[in-house]
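Student: My request is simple: use the sequences and hints to build the entire structure.
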Amino acid sequence: EQILGWAPGVRKGLEPELPGTLICTNLRVTFQPCGWQRSQETPLSSEYDFVLVNIGRLEAVSGLSRVQLLRPGSPLKFIPEEILIHGRDFRLLRVAFEAGGLEPQAFQVTMAIVRARAQSSQAQQYAGISLSKAGQSSGSRKPPIPLLETSEDWETERKKQGAKGWRVSTVNERFDVATSLPRYFWVPKRTLDSEVRRTFGHFHQGRGPRLSWHHPGGSDLLRCGGFYTASDPNKEDIRAVESMLQAGHSDVVLVDAVDELPSLTDIQLAHLKLRALCLPDSSAAEEKWLSALEGTRWLDYVRSCLRKASDISVLVTARVRSVVLQERSDRDFNGLLSSLVQLLSAPGARTLLGFQSLVQREWVAAGHPFLTRLGVTGASEEAPVFLLFLDCVWQLLQQFPAEFEFSEFFLLALHDSARVPDTLTFLRNTPWERGKQSGQFNSYTQICTPGYSQPLAGNSLNPQLSVWDWDLRYSSEQILQFHNPGYDPEYCPDSWLPRQQPSFLVPGPPSSVWLFSKGALTPLNQLCPWRDSPSLLGVSSRWLPRPAISSESLADQEWGLPSHWGACPLPPGLLLPGYLGPQIRLWRRCYLRGRPEVQKGLSAPT
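Under the working numbering, the residue at position 459 of the sequence shown is numbered 459, and the numbers go up by one with no gaps.
These aren't lab readings, by the way, just hints derived from the structure by calculation. Idealized CB from N, CA, C, for every residue including glycine. One thing to keep in mind: the hints can contain errors.
As the list claims (entries may be wrong) - Just the calculated beta-carbon pair ranges, DEER-fashion: (1) Pro-104 with Gly-581: 54 to 60 Å; (2) Asp-176 with Glu-59: 47 to 53 Å; (3) Asp-266 with Glu-490: 34 to 40 Å; (4) Gly-35 with Lys-77: 30 to 36 Å; (5) Asp-281 with Leu-480: 53 to 59 Å; (6) Ser-62 with Asp-266: 37 to 43 Å.
Tutor: Dropping the structure here:
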């Protein structure tokens, strides 16, 4: 890290003001209060640290009327009396320069920030940085949670879930099936790897059906990409695809993951509107602020995600139906819905370790494009789906405060860490890119060449530091705040015994396939679209010509399901959140922390 400019004797904030020094480096802009010692803070975790790629807007102010928006590469038109740094994570740093004597430093440090922003590129600028505390530990450091980079990690998790009908597949060990998939994943036990490889080729980007979570009652939650419309499968391929989608179950519900949820463009637009509204100098009048908040649609999107996840949770747990989440890319809303369903259904996912493992499995290992969605590689495909998920989790935390071991402070730390490029967790789009960057593989050629049998070179290397190494980034006092003091571990995973699952033993149709879309169940002719006609590959060609069954609330009514499905009460440990009216709230501590009247964030003294 290199210092590019600095200005001593500046003042932070409005009332009360805090004297200190403003420093710009090639990685970040930081404010150091007077008397600050480096041993008291960890890098890139201070309330006063703004990574260059996290700066959303930079303003120079002189007097009451002169305000200049400083874009990367733009010249400074006057000597600023103060600068305002707006973080993309809703934080605000306001720094005022002393009148008389500080003009050269004010100009120098401001222009240093402008030039550093213009040159910053997360993929290149931050590739070689390491945490300062990382060198204090001798030898290899064991990750706090399994990073799911080895087959042993996946096998341990499979046994933990009790998924006896599944196994760990190594077909993608060299990423020659799909570079966006992890090296290992779960497939039906009786499915050969040759069948897996052939089946995955008929899905978008090679992301075929695989297990996300096994319910103790016997049902499974799967996820997959959209059907690859350009493929021409033979009868054996079609049977293999259907076999993997059904995974040995007689009743399967196919869920259109993007149905009734906002598009990626909608999410990005809502997030931009929300950030603009929550700025201290927002143009929205105070009496119209709530209307403006409603106009952002952000809370509506949170509500939609929670409602759909609740419906799926009832299907998986109370109805004990196997559900297949299908999204064309399988990298955005599938991860969001799968994670929320597990949080609602599995008490183990609500522990601190369980939630971290969930995010690592369903987001990081599953190939969510963090680098693209957080806007580091450009704004064209930016859409903070992961931040929308964290807001949904915060809503659950408010409605069920005794059910979660982690606290709001932990969610804030995770929210802010997504913008801090000090680990590869959020610094790459795929597991393949992370493995390449961390030195796990010899070269791209080895990984991508089908049939290449030379052993990979990653096993002997130390594990890559991840975002879950909190002790390297936060103080012990801050980590203590990650735990929820009101947590009641009444439904711990060990005491949640598997329920009797009679539905698969009750006589019924040999195979029932349903599509859950637009809040309704529609019977399908079959799972795959290719059987009807090779030229008709749309999902609509699979619908039977009969009305869909309305479903306003899957937990409150039978909604006309087949008789052999039976009626089943809600199981213990299942959370069904409210999502109407004021039940969905604004995450004030996150979104309004840039306002002076709102209490400070995570790093503030308590």
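Student: Now, for every hint given, state plainly whether the structure supports it.
Tutor: Now the hints, each set against the structure:
1. Evaluation of the 54 to 60 Å hint for Pro-104 and Gly-581 yields a pass: the beta carbon distance comes to about 56 Å.
2. Restraint check, Asp-176 to Glu-59: a C-beta distance of roughly 49 Å satisfies the suggested window 47 to 53 Å.
3. Between Asp-266 and Glu-490 the C-beta distance comes to about 38 Å, which sits within the given range of 34 to 40 Å.
4. One distance hint, 30 to 36 Å for the beta-carbon pair Gly-35 and Lys-77, holds here, with the actual separation near 35 Å.
5. Separated by about 35 Å at the C-beta atoms, Asp-281 and Leu-480 break the suggested range of 53 to 59 Å.
6. Roughly 38 Å separates the CB atoms of Ser-62 and Asp-266, a value that falls within the hinted 37 to 43 Å.
When the structure is compared with the earlier hints, a violation turns up for hint 5 alone.
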